[in-house]
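Novice: Using the sequences provided together with the hints, build the complete structure.
Here are the chains, one letter per residue:
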Amino acid sequence: MDNFTVGVVVFPGSNCDRDVSWALEGCLDIRTKYLWHESSDLSDVDAIVLPGGFSYGDYLRCGAIARFSPLINALDEFVKSGKRVLGICNGFQILTESGFLPGALTANKNLNFICDDVELDIISSKGGWFNHGGEKQTIKLPIAHGEGRYHCDSDTLKKLVDNELIALRYKNNPNGSSFDIAGITNEKGNVLGLMPHPERACDETIGGTDGLFTLKSLILK
Amino acid sequence: MDQFAVKVFVRLRPSVLDPAGEATKSASIKLGVEGIKSLRIGKMIEVKIEGNGENEVREKIDLLCDRLFANTVIEDYEYSLEKL
Chain B
2 MDNFTVGVVV
12 FPGSNCDRDV
22 SWALEGCLDI
32 RTKYLWHESS
42 DLSDVDAIVL
52 PGGFSYGDYL
62 RCGAIARFSP
72 LINALDEFVK
82 SGKRVLGICN
92 GFQILTESGF
102 LPGALTANKN
112 LNFICDDVEL
122 DIISSKGGWF
132 NHGGEKQTIK
142 LPIAHGEGRY
152 HCDSDTLKKL
162 VDNELIALRY
172 KNNPNGSSFD
182 IAGITNEKGN
192 VLGLMPHPER
202 ACDETIGGTD
212 GLFTLKSLIL
222 K
Chain Z
2 MDQFAVKVFV
12 RLRPSVLDPA
22 GEATKSASIK
32 LGVEGIKSLR
42 IGKMIEVKIE
52 GNGENEVREK
62 IDLLCDRLFA
72 NTVIEDYEYS
82 LEKL
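Going down the list, the protein sequences come from chains B and Z. Residue numbers for the first sequence follow our numbering, so the first one is 2 and each next one is one higher. Residue numbers for the second sequence follow our numbering, so the first one is 2 and each next one is one higher.
If you are wondering where the hints come from, they were derived from the structure by calculation, not from laboratory data. A few of these clues could be false.
With a straight-line Cα cutoff of 25 angstroms, these simulated BS3-like cross-link-like pairs (lysine-lysine) come out [claimed, not checked]: (1) B:159 x B:172; (2) B:217 x B:141; (3) B:172 x B:222; (4) B:137 x B:110; (5) B:110 x B:81; (6) B:34 x Z:44; (7) B:137 x Z:44; (8) B:34 x B:110; (9) Z:49 x Z:26; (10) Z:31 x B:110; (11) Z:61 x B:110; (12) Z:31 x Z:8.
Specialist: Structure (structure tokens):
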């Protein structure tokens, strides 16, 4: 995988782009390239991460303005080609706003900005983003969000359950998300959106390595 | 070209919990105001827009509401329109 390159998208207001790049390069030896949101040329990246932060100041709704950037417009072809896209936190919000994933993310039930480590159950093997069926079926990842309450209607929820699109569920739902949902994939499995931050759990010295598997799986075909 | 003043109201759907509305309701009761049965917070967007007649302007506003102003997974919208 010498030339495999992960594009890390930078919007005005992204603030986890460097963390993602550091985790990929420093902890996993995977090459990264920053992609400015106005770029629509995705030809030299093999996978894409939409990192956390506050793109466009979260104006209107989280992720609502980012959806209209040239890069997100170009993402459709990229996703259709089967390449992998990982949306973390604000990246998950952008993926729902732009219709790559169903549902929406809105204000936490208790209105608090929650910054904490949470325990998560691995629910599905779709896309191979988590070590489903492995020794450890509960992982611990940090969350940091004010608007992470996943919401969808009952038909969508049924579809998510029936098609095994729910990737992660909170053990102790911190934000009021429907069905304790913390992360979902698209039907093909090549797009994952999650509120927890795997890039902040890639080194024992900063609190754990449960995020490594997910970042490493970006290089899966 | 006609010019219109449009007021768009975006509200969380009734089935979606509105924690900010709940917190404001709680503060309203603490202020001593009795009788509040429900309190929900939405957004109002004011747009001045030109177009060839009301129908064309409505088409533009419908597009804006559906694709940008509201996320119809969780929000409803309605608007009023006044010719200037």
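Novice: Decide if the proposed pair is consistent with the structure: residue 159 (chain B) and residue 172 (chain B), CA atoms, cutoff 25 angstroms inclusive.
Specialist: Cα-Cα ~20 angstroms, so holds.
Novice: Would the pair residue 31 (chain Z) and residue 110 (chain B) pass a check requiring their Cα atoms to be no farther apart than 25 angstroms?
Specialist: Given pair residue 31 (chain Z), residue 110 (chain B) holds - Cα atoms ~20 angstroms apart, limit 25 angstroms.
Novice: Take the C-alpha atoms of residue 34 (chain B) and residue 110 (chain B), compute the straight-line distance between them, and say whether it is at most 25 angstroms.
Specialist: 36 angstroms, violated
Novice: Take the C-alpha atoms of residue 110 (chain B) and residue 81 (chain B), compute the straight-line distance between them, and say whether it is at most 25 angstroms.
Specialist: Since the Cα atoms of residue 110 (chain B) and residue 81 (chain B) sit roughly 34 angstroms apart, the hinted pair is violated (cutoff 25 angstroms).
Novice: Is residue 34 (chain B) close enough to residue 44 (chain Z), meaning Cα to Cα at most 25 angstroms?
Specialist: Roughly 38 angstroms separates the two Cα atoms, so the pair is violated.
Novice: Would the hint linking residue 137 (chain B) and residue 44 (chain Z) be met if the CA-CA limit is 25 angstroms?
Specialist: 44 angstroms, violated
Novice: Tell me if the straight-line CA distance from residue 49 (chain Z) to residue 26 (chain Z) falls inside 25 angstroms.
Specialist: The hint is violated at about 32 angstroms.
Novice: Starting from residue 61 (chain Z), check that the Cα of residue 110 (chain B) is at most 25 angstroms away, please.
Specialist: 34 angstroms, violated
Novice: Please work out if residue 137 (chain B) and residue 110 (chain B) have their alpha carbons no farther apart than 25 angstroms.
Specialist: Between residue 137 (chain B) and residue 110 (chain B) the Cα gap is close to 29 angstroms, so the pair fails against 25 angstroms, i.e. violated.
Novice: Sort out whether residue 222 (chain B) lies within 25 angstroms of residue 172 (chain B), counting only the CA atoms.
Specialist: Distance ~30 angstroms between residue 172 (chain B) and residue 222 (chain B) Cα, so the pair is violated.
Novice: Between residue 31 (chain Z) and residue 8 (chain Z), does the CA-CA distance stay at or below 25 angstroms?
Specialist: 32 angstroms, violated
Novice: Residue 217 (chain B) and residue 141 (chain B): Cα distance at most 25 angstroms?
Specialist: 17 angstroms, holds
Checked against the numbered hints given earlier, this structure breaks hints 3, 4, 5, 6, 7, 8, 9, 11 and 12; the rest are met.
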